[in-house]
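Residue numbers (numbering that gives the first Met the number 0), protein chains in the order written: chain A, 0 to 546; chain B, 0 to 365; chain C, 0 to 69.
Heads up, a few of these hints could be off.
As the list claims (entries may be wrong) - One side only, chain B facing chain C, incomplete, derived with CB under 8 angstroms:
1) 1
2) 2
3) 6
4) 244
5) 293
6) 299
7) 308
8) 311
9) 315
10) 330
11) 334
12) 337
13) 351
14) 352
15) 356
16) 359
No wet-lab data here; the hints were simulated from the structure.
Since this is a predicted model, take the numbers as computed values, not measurements.
We put the beta carbon where it would ideally sit given N, CA and C, even for glycine.
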Amino acid sequence: MFLGYIFRKLSFLGNQYALYRRTTGPYDRRSMEGAAKKLDKSLEKNLACLKGMFSDSCDLKIHPLELGPDRWPAAILFIEGMADNNKITEGVLRPMNEWRPEGTLAAGQRLIEELAKKVLCAGSIKPLSSPEEIVLECLSGNTVVLAEGCTSGLIVGTKGWEKRSVSEPQAETVIRGPREGFTENICNNTALIRRKIKSGKLHAESLTVGRRTQTDVRLMYLDDVASRQVVDEVKKRLSRLDVDAVLESGYIEEYIEDAPFSPFSTVGYSEKPDVIAAQILEGRVAILVDGTPFVLTAPMLFIESFQTTEDYYSRPLYASLVRMLRFAGYLITVFAPALYIALTSFHQEFIPTNLLFSIANAREGTPFPVLLETMGMVFAFEILREAGIRLPRPVGQAISIVGALIMGDAAVSAGLVGAPVVITVAITAVASFLVPAQNDAGSVLRIIMMILAAFTGWYGISMGFLAALIHLGSLSSFGVPYFDGLAWTRDQEDTIVRLPLWFMIRRPKAIPETNQIRGRFFIPSFRPHEALDEDEEDADERRGEGT
Amino acid sequence: MRIDKGSISGMQFMFAMACYIQASTLLTSFVAAVTTQDSWLAALFGSLVCLPLIWLFRSLMVMFPNQNLLEILDEVYGPVLGKILGAAYCWFFITLASINLTDLGDFTKLTIMEETPNVVLLIMCILVAAMAVRKGVSLVTRFSDFFVTVAFSILVVSIVLVLNQIKPANFLPIFDQPPIKYIQGTHIIATIPYGELVVFLMIHPNAKMSRRDTGRYLLWAFFLGGFTMLFIVLRDVAVLGNTLDMFTIPSLVTLRLVNLGMALSRVEILFVIILIMLLFFKIMVLYYISVLTVAHLLKIKKYRNLVLALGALMVTYGLTLYPCPVRHAASAQETVPFIWSPFEILLPLLTFIVAKIRKLPVRKEM
Amino acid sequence: MITVLIFFALILLIDLYPIVRRRSWRGAFGFLLLFIPALTLAILQQKNIEVPSLMLALGDLLKSWGISYR
Chain A
0 MFLGYIFRKL
10 SFLGNQYALY
20 RRTTGPYDRR
30 SMEGAAKKLD
40 KSLEKNLACL
50 KGMFSDSCDL
60 KIHPLELGPD
70 RWPAAILFIE
80 GMADNNKITE
90 GVLRPMNEWR
100 PEGTLAAGQR
110 LIEELAKKVL
120 CAGSIKPLSS
130 PEEIVLECLS
140 GNTVVLAEGC
150 TSGLIVGTKG
160 WEKRSVSEPQ
170 AETVIRGPRE
180 GFTENICNNT
190 ALIRRKIKSG
200 KLHAESLTVG
210 RRTQTDVRLM
220 YLDDVASRQV
230 VDEVKKRLSR
240 LDVDAVLESG
250 YIEEYIEDAP
260 FSPFSTVGYS
270 EKPDVIAAQI
280 LEGRVAILVD
290 GTPFVLTAPM
300 LFIESFQTTE
310 DYYSRPLYAS
320 LVRMLRFAGY
330 LITVFAPALY
340 IALTSFHQEF
350 IPTNLLFSIA
360 NAREGTPFPV
370 LLETMGMVFA
380 FEILREAGIR
390 LPRPVGQAIS
400 IVGALIMGDA
410 AVSAGLVGAP
420 VVITVAITAV
430 ASFLVPAQND
440 AGSVLRIIMM
450 ILAAFTGWYG
460 ISMGFLAALI
470 HLGSLSSFGV
480 PYFDGLAWTR
490 DQEDTIVRLP
500 LWFMIRRPKA
510 IPETNQIRGR
520 FFIPSFRPHE
530 ALDEDEEDAD
540 ERRGEGT
Chain B
0 MRIDKGSISG
10 MQFMFAMACY
20 IQASTLLTSF
30 VAAVTTQDSW
40 LAALFGSLVC
50 LPLIWLFRSL
60 MVMFPNQNLL
70 EILDEVYGPV
80 LGKILGAAYC
90 WFFITLASIN
100 LTDLGDFTKL
110 TIMEETPNVV
120 LLIMCILVAA
130 MAVRKGVSLV
140 TRFSDFFVTV
150 AFSILVVSIV
160 LVLNQIKPAN
170 FLPIFDQPPI
180 KYIQGTHIIA
190 TIPYGELVVF
200 LMIHPNAKMS
210 RRDTGRYLLW
220 AFFLGGFTML
230 FIVLRDVAVL
240 GNTLDMFTIP
250 SLVTLRLVNL
260 GMALSRVEIL
270 FVIILIMLLF
280 FKIMVLYYIS
290 VLTVAHLLKI
300 KKYRNLVLAL
310 GALMVTYGLT
320 LYPCPVRHAA
330 SAQETVPFIW
340 SPFEILLPLL
350 TFIVAKIRKL
360 PVRKEM
Chain C
0 MITVLIFFAL
10 ILLIDLYPIV
20 RRRSWRGAFG
30 FLLLFIPALT
40 LAILQQKNIE
50 VPSLMLALGD
60 LLKSWGISYR
């Protein structure tokens, strides 16, 4: 009976969902209320209509003009702040005021053509007759020229607004490597990438997403390297997107990613043109969104989070060491608190005796069970981190000093928590910054592992580890297995270690299907300038061996 | 009818089999109790005896490259008898999975988690395995190469660590036992790790490998797994000698003896963790194959919905099988080789012979 | 007892529900074939009723036929 009730409830919900899916069809973004299909002949009517479509906004500037000796009425429309005032004055207003047409004005459509050809000075001029399109153009910063008796208006390219110049990215800093970062301007960002890859095969494609925000989105990929399947999949998902607003690339990421409920993100992002260029060169698709410096890349592999650009800019031996350190750091940040809990509450026999004594000493008199203690510390750390990020930098530092040093020390000396817990959580916290891209997944996993360890000790941790592995193995990003590259059988040149660049003659096999070869395989001689130091004979001999 | 459309590479298939054999190394304790210091001989004989068995499996795989075990049985014995044998195999797979599941529980209880109830351990394991089984064969076999690598490296490390404890005298006396003991030991080795490879006849159609590669991959898997087992037994014998039969899990005791100064002691935790992972892998494979078999017998296209129910059955059924680990060991030493033999050796052999006589599979004209 | 029942109810919800929605009666039959024995065994174990072990019984049978080591 009870089950029957649940079944009925569920099937009801299922039907509701299906109904919802059926009724909400794709939104027609062209239909705006109260708009005429075409422009009228009368300027008055046109202006009223357009004003209505802009809902009488005060930043819509309408500038009436009178053309030539006949005082033929005309008007220009633009949005304050979106259009470049200079361009409007130089390219539109001045030529139109100074225009002295020979003879009488040509009426109607001819007038518009003449204006476009002879008068206006701007990079792009095009006639449009549909009010909706005119509104869209105007909203993106262009100026509209209307004239009495003409059923179409001229769109003059006068886009220009205040923007941030290219500067060093805040989220990803480097010691060695280019210091430029993307800005909020999509044209700028496209150019930044193009400056890195000067190839005609670099394909850029424009889309508009968001019913109200009408955000510009661009796809960039190498035509002869990126896999067609992946590109089509990205396009399909973007075109299916039907949302109200896209304010940041995070919105798009959430709608196109493969596993929204997984702690692991399956779409990559970066703020640096060299990172994105490297991703594109490996056959990925970059998704640029207007208004944000963060560019998305798809498909993403798990291993990507452990690779930084500096690995490739510094020498391979050290880079490999750092790479391994990063893996170790990630393991520590996920497993260290769990291991501490498991060791102290289940497997004391595995702790060396001296250490056991000191841990027992430290834990003596602490009031809470170890899970609660560790959880509390991890929680406190997350609070500190969040507080430090949102505040201005000097205050943030003060927070971390007060929080970490004073509060931690006071908590230990007051006997609220044991010193080993503080040490464990501190290591965990510091290690979590080694792999920033997987930080959020790490936090979630850490808590799961801690709970498992608190109830079933080492067995729980092993099972948690296996579950995480299986989950990672089951993920895929745009049709590419997410865990590829770490699956122990292929593409080993750039995973746990970073082999020298001349070893990586293939692009990662998982992503592109065609054109996998990056360059010719050559091994630089280990002492290239040896010949200069030694006798001619020896050098000849060595050269003979080399070939 | 192919229920799981996923496909794996030949390498993956090989590593899965190797990992499967490695996972059985825990069970060498059954042999150790029978033949003590000559266990390595039993392991060696068992491996040698199994070479023809491997060849038999290979022939079946090559003869029926696109049919799994149940379809082979159907084709060779006709639908009625084939179904009956299929049902028997179904019972065999489920029992095998349950036994391994309880093994994992007992082992964990014995080594690291003395006080946790067995059911909790089993349910956790089954839930994690179910995650993989629901996704199909490619995920089930995906991490086998990782497990094999880790197991192998831990084996090498452990051998290096116990080098100072090895006494050659521990191998003596050789051939001291009555011959029936050697036969028994060989039989146990042949049926428990190697014969169980019959489960891979259920998934070989999913592996993309050519006719020639099949034999090669099988042999490689056999060598990888066999050497691991042989070296583990050799190591245990060399360290523990004829006290081998005193311990429930000799490998654990061997590693507990590791003591290099104060720096490295209690390394058996490594062994415990890798063994938990290997056993988990074995359970996952058996679980997957049981689900596949049930779905295949009842002709259910969507096997995913059976996964959790079968998992529940495996846990409850596994808990009834053996009241305690001692009875388990006794039964494994005395009767289990005989119960398993028909499924692992006799039936495949019979199938092969009947297929040869009936000139199956009939080649369809292209 | 309650925990066991909740577990099994969850399995029913997760797996039987899609089967029934698909109207795949063969699937439901297979599911119940696995589910009912599991539930029975679980309840029997919960009530501490000894369930005879199949493996030991088979072993004893073989032993009585003389097929066994020892």
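A quick look at each hint next to the structure:
| no. | hint | verdict |
| --- | --- | --- |
| 1 | 1 | 17 angstroms, violated |
| 2 | 2 | 12 angstroms, violated |
| 3 | 6 | 24 angstroms, violated |
| 4 | 244 | 14 angstroms, violated |
| 5 | 293 | 6 angstroms, holds |
| 6 | 299 | 5 angstroms, holds |
| 7 | 308 | 4 angstroms, holds |
| 8 | 311 | 4 angstroms, holds |
| 9 | 315 | 4 angstroms, holds |
| 10 | 330 | 5 angstroms, holds |
| 11 | 334 | 4 angstroms, holds |
| 12 | 337 | 5 angstroms, holds |
| 13 | 351 | 24 angstroms, violated |
| 14 | 352 | 23 angstroms, violated |
| 15 | 356 | 28 angstroms, violated |
| 16 | 359 | 28 angstroms, violated |
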